[in-house]
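Undergrad: Sequence:
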Amino acid sequence: MYDYFVAAMKCLNCGTMSAADSSTNMQTHLRDDASGIELGIGFHFEPLEVREQDIMASSYITTGRVSVDGRTRLLEMWRCPACGHENWARVTITGTELTEIESVVLDRKALESAQFISDGCYLLASKLSGILAQDLMEGRVNPVQVLFERLA
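The opening residue of the sequence shown carries number 1 in the numbering used here; numbering runs sequentially from there.
Just so you know, the hints here were simulated from the structure itself, not pulled from any lab data.
Pairwise CB distance ranges, derived in the manner of DEER restraints: (1) Glu100 / Lys127: 21 to 29 Å; (2) Gly130 / Arg71: 29 to 37 Å; (3) Pro47 / Glu100: 13 to 21 Å; (4) Gly95 / Gly15: 31 to 39 Å; (5) Gln53 / Asn142: 13 to 21 Å; (6) Met137 / Gln53: 14 to 22 Å; (7) Glu52 / Tyr2: 18 to 26 Å; (8) Glu138 / Glu97: 31 to 39 Å; (9) Met1 / Val68: 29 to 37 Å; (10) Phe148 / Val68: 14 to 22 Å; (11) Gly42 / Leu128: 30 to 38 Å; (12) Gly40 / Gly84: 17 to 25 Å.
Straight line, CA to CA, 20 Å or less: simulated SDA-like cross-link-like pairs of lysine to any residue: (13) Lys10 / Asn25; (14) Lys127 / Val105; (15) Lys10 / Cys83; (16) Lys10 / Met77; (17) Lys10 / Pro81; (18) Lys109 / Leu128; (19) Lys10 / Glu86; (20) Lys10 / Ser103; (21) Lys109 / Ser67; (22) Lys10 / Glu100; (23) Lys109 / Ser129; (24) Lys109 / Thr62; (25) Lys10 / Thr99; (26) Lys127 / Arg79; (27) Lys109 / Ala152; (28) Lys127 / His85; (29) Lys127 / Leu151; (30) Lys127 / Glu149; (31) Lys127 / Gln145; (32) Lys109 / Asn142; (33) Lys10 / Val104; (34) Lys127 / Ile61; (35) Lys109 / Leu12; (36) Lys109 / Arg71; (37) Lys127 / Val146; (38) Lys127 / Met137; (39) Lys127 / Phe148; (40) Lys127 / Gly84.
No experiment lies behind these values; they were computed from the predicted model shown.
The beta carbon of each residue, even a glycine, is placed where N, CA and C say it ideally should be.
Can you build the whole structure from these sequences, using the hints too?
TA: See the structure below:
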């Protein structure tokens with residue numbers, strides 16, 4: 001099961017502002033007992049749910065970037081409920097508190113600002129590089145490295 005990160009999100013394709021609800025389908029597996037609830041700004045995770053090894057066990061891939069301010073930043077996919085465009089968000093967790101969810105262009109700068117990226121990056125890395133998604137998913141090629149090489 002999964003939960004949803006929720007915030008009013010502006011689609012970078014059509015400009016529509018979404019409701020702050022699960023209509024963006026921004027799924028996360030961070031909580032151990034995920035049950036489909038909506039996780040908004042101010043939500044507090046259990047301390048064991050936001051440790052590096054637990055984040056990685058929750059379908060996130062490390063970018064190799066270290067946080068310099070104590071905040072953990074995740075890049076997560078979401079879909080515009082109006083036009084269906086796939087967008088990216090930066091989700092910030094400070095300690096155990098969800099402190100920010102913002103729409104971002106997934107570029108090199110956004111990737112460098114985050115410690116983790118969702119497993120949705122496999123398909124994007126495959127699309128940008130022509131490498132089979134299976135090779136990326138099975139670890140034969142590092143999808144984060146592909147993104148660093150291909151994103152402007």
